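Chain residues, written in single-letter form:
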Amino acid sequence: MREAAIVGYVQGPQRRYAGAANESELIMPVVGEVMRQTGVTMQDIDFTCSGSCDYLQGAAFAFVEGLSALATVPPIKESHVEMDAAWALYEALLKIWTGDADVCLVYGFGKSSPGELRSVLTLQLDPYYHVPLWPDSVSMAALQARALLDSGAASERDLAEVVARSRVNALANPNAQLKGRPTVEQLLAEPAFVSPLRRHDCAPITDGASAMIVASGDAARRLCARPAWIRGIDHRMETGILGARDLTRSPSARLAAERAGVARGRVDLVELHAPFSHQEIILRRELGLANEVPVNLSGGALAANAMMVAGFDRIGYVAGCILEGKADRGVAHATSGHCLQQNLVAVLEA
Amino acid sequence: MANRAAVVGVGQTKHKSRHKEVSIAGLVRQAAERALADAGCGWQDIDAVVLGKAPDMFEGVVMPELYLTDALGGNGKPVLRVHTAGSVGGSTAVVAANYVQSGAFRRVLTVTFEKQSESNATWALSPRMPFVPHVNAGAGGFFAPYMRLYMQKYHAPEHIGCLVAVKDRLNACRNPYAHLQIPNIDLAMVQQSPMLWEPLHFLESCPSSDGACALVIADEQIAERSPNPPAWIVATSTRADGVMYAGKDNIHPKSLIACAKDVYSKAGITDPRRQIDVAELYVPFSWYEPMYLETLGICGEGEGWKLTEAGATAMTGDIPINPSGGVLSSNPIGASGMLRFGEAALQVRGMAGEHQVDGARLALGHAFGGAHSYYAMWVVSADKP
Numbered sequence: 001m002r003e004a005a006i007v008g009y010v011q012g013p014q015r016r017y018a019g020a021a022n023e024s025e026l027i028m029p030v031v032g033e034v035m036r037q038t039g040v041t042m043q044d045i046d047f048t049c050s051g052s053c054d055y056l057q058g059a060a061f062a063f064v065e066g067l068s069a070l071a072t073v074p075p076i077k078e079s080h081v082e083m084d085a086a087w088a089l090y091e092a093l094l095k096i097w098t099g100d101a102d103v104c105l106v107y108g109f110g111k112s113s114p115g116e117l118r119s120v121l122t123l124q125l126d127p128y129y130h131v132p133l134w135p136d137s138v139s140m141a142a143l144q145a146r147a148l149l150d151s152g153a154a155s156e157r158d159l160a161e162v163v164a165r166s167r168v169n170a171l172a173n174p175n176a177q178l179k180g181r182p183t184v185e186q187l188l189a190e191p192a193f194v195s196p197l198r199r200h201d202c203a204p205i206t207d208g209a210s211a212m213i214v215a216s217g218d219a220a221r222r223l224c225a226r227p228a229w230i231r232g233i234d235h236r237m238e239t240g241i242l243g244a245r246d247l248t249r250s251p252s253a254r255l256a257a258e259r260a261g262v263a264r265g266r267v268d269l270v271e272l273h274a275p276f277s278h279q280e281i282i283l284r285r286e287l288g289l290a291n292e293v294p295v296n297l298s299g300g301a302l303a304a305n306a307m308m309v310a311g312f313d314r315i316g317y318v319a320g321c322i323l324e325g326k327a328d329r330g331v332a333h334a335t336s337g338h339c340l341q342q343n344l345v346a347v348l349e350a
Numbered sequence: 351m352a353n354r355a356a357v358v359g360v361g362q363t364k365h366k367s368r369h370k371e372v373s374i375a376g377l378v379r380q381a382a383e384r385a386l387a388d389a390g391c392g393w394q395d396i397d398a399v400v401l402g403k404a405p406d407m408f409e410g411v412v413m414p415e416l417y418l419t420d421a422l423g424g425n426g427k428p429v430l431r432v433h434t435a436g437s438v439g440g441s442t443a444v445v446a447a448n449y450v451q452s453g454a455f456r457r458v459l460t461v462t463f464e465k466q467s468e469s470n471a472t473w474a475l476s477p478r479m480p481f482v483p484h485v486n487a488g489a490g491g492f493f494a495p496y497m498r499l500y501m502q503k504y505h506a507p508e509h510i511g512c513l514v515a516v517k518d519r520l521n522a523c524r525n526p527y528a529h530l531q532i533p534n535i536d537l538a539m540v541q542q543s544p545m546l547w548e549p550l551h552f553l554e555s556c557p558s559s560d561g562a563c564a565l566v567i568a569d570e571q572i573a574e575r576s577p578n579p580p581a582w583i584v585a586t587s588t589r590a591d592g593v594m595y596a597g598k599d600n601i602h603p604k605s606l607i608a609c610a611k612d613v614y615s616k617a618g619i620t621d622p623r624r625q626i627d628v629a630e631l632y633v634p635f636s637w638y639e640p641m642y643l644e645t646l647g648i649c650g651e652g653e654g655w656k657l658t659e660a661g662a663t664a665m666t667g668d669i670p671i672n673p674s675g676g677v678l679s680s681n682p683i684g685a686s687g688m689l690r691f692g693e694a695a696l697q698v699r700g701m702a703g704e705h706q707v708d709g710a711r712l713a714l715g716h717a718f719g720g721a722h723s724y725y726a727m728w729v730v731s732a733d734k735p
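If you read the protein sequences in the order shown, they are chains A and L.
All letters in the first sequence, in the order written, are residues 1 to 350 by our numbering.
All letters in the second sequence, in the order written, are residues 351 to 735 by our numbering.
Keep in mind that the hints were calculated from the coordinates and are not lab data.
Note that the structure is a prediction, hence the values are computed from the model and not measured.
For the chain A half of the interface with chain L, some residues (derived, Cβ under 8 Å), not all of them:
#, residue
1, M1
2, D54
3, A59
4, F61
5, P74
6, W97
7, G99
8, Y128
9, Q342
Ideal Cβ placement from N, Cα and C applies to all residues, glycine included.
The shape of chain A in the complex, shown without the other chains (with noise of 0.2 Å):
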């Protein structure tokens, strides 16, 4: 297979409310910006992937108006994926590993603010029979961390101590939306919200866009002088009927980290896309990362989660601090739909 990395990555500001601007608007920024950084033009692209959720724009088609932020004359080989823009990155890496493309142009957007995310994304599930009980997202997550919690394998002070670390870790990044030095004990002191869940377990409504260049071997050497390679990828999915599931494991997440070869070397970081602070527990015994390993500096989703780009936020994370010399060796995780049902691992490294 064709050797492949990634070369620039940028995340646009993470907030609740993004105002009047419009997807084409949130997406504008970061791709200039993104190709400015590594000198790509329309004309270096050779394919262009998004991922986007028509649902949350509240329109059929949010990728067609989110190209009116791309200069598409001549026109582009282009795809859009409606899933986290992870999965986009993968199309571009499908697309790279044929040999059909050697640069490419990935981004994600989601503004989940003009609707009430939590109901919308109760249409995920089956119509027929769980739809109509409309059990929103929230509450799906807090049958989850019931779960973990009864079946002994966490407290409510460890996912306090989730939260708290993503709080720390957020100061140090300038576009996280929630950020600070709460203590655990002042954590647990915060009423329930869904029990056993407390408003910090959940990540915040977000409203960004990301985006990101992947090239084949030869092309980011040229692109870069320190590309993040792609070493190993994989993604697996899981039934969507949440009582058929031990909602305290996750082996999609740990078979696709075997594929991906998370335990092949030495883990400087890893960024678990958590979007509620229980499932960063489930996901560390998952891919079975040792203690030490620092998980989330950049404060994860429990500090910026906006939909359909906060599990290529991980991804892109991790290669921006191996592009900036700061690590080897990353591994990045994304999750879709309920109870991390679906999760996608990557391995980056130098």
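Since the structure of chain A is provided, determine the placement of chain L on it from the hints.
Positioned in the frame of chain A, the structure of chain L alone reads:
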């Protein structure tokens, strides 16, 4: 150089207005099982699943790959969901082909569907967005002016569109899966049907369908051992451009010209009319047939309607277009592009039944989406490239 890949299984449901007897999961499952049976393999033999469909609002299910995991045998496997507007059926097949061509996967299932009866497509396509004028014209109303422009510019007689409708609907009578079966259709019936959007009569427009299509795409080794003949994927291409820009040609869109040029050059096609034995083109409204013939270089500018009029695009013509009955006869939107790609494969496999074009060896599949802004194409062959 990419690895070779071939279509070894094609499955589709009967397309109709309302599949009341099955859920969305049941619908995709039916198409998938038929594709697996054709490929002579089981669910356990599938390495990855690629799902495609048009906007989620057409059924009201957000990111339906999550709900459809069990129906698609996706547990523990990589599942990807593609969405590129109306061209999605084609671009999903291209992504599935890429899975195999990359060398990372040996046998992939790809499924596309639309169950339009679950929701209301015109509602889904007519959102009221802030700062944007609300156009409640439907797709036909949006595209009709370009057909009028074509007629005026190239002096095409009014009945050409009706001829396409008659031809495709008669072809559909040979296809047991086609939605519209109108065996007594003739020119007068089309011309007397209500005018929907000048110049389009009711019978010149695609229906709203429930339906699904599935393909199994495999590597060279598996393809050669398959029970039925493989359709080798010779070339694929996709192109997109903006919805609206100065100088956009909506009769001969730049994005389609670029897509055709790319796929022909990869497939070594220099004279498409002579080299391509049969083409399945995404013709949702009758006039798109002559317009595509020109844009795809099958004939010169302004000549397309003459080919249609002369019967060159009929089953018995020298360049048969849409022997399956096409989108005019069945339109489960998300699957419509993959049906074109799958029907092209059936033709070169010699498995198209009553609508088989004799001796077809090289076939073109084509899909169209957005406002003349998204295209996907592939060329499949009976001969290994």
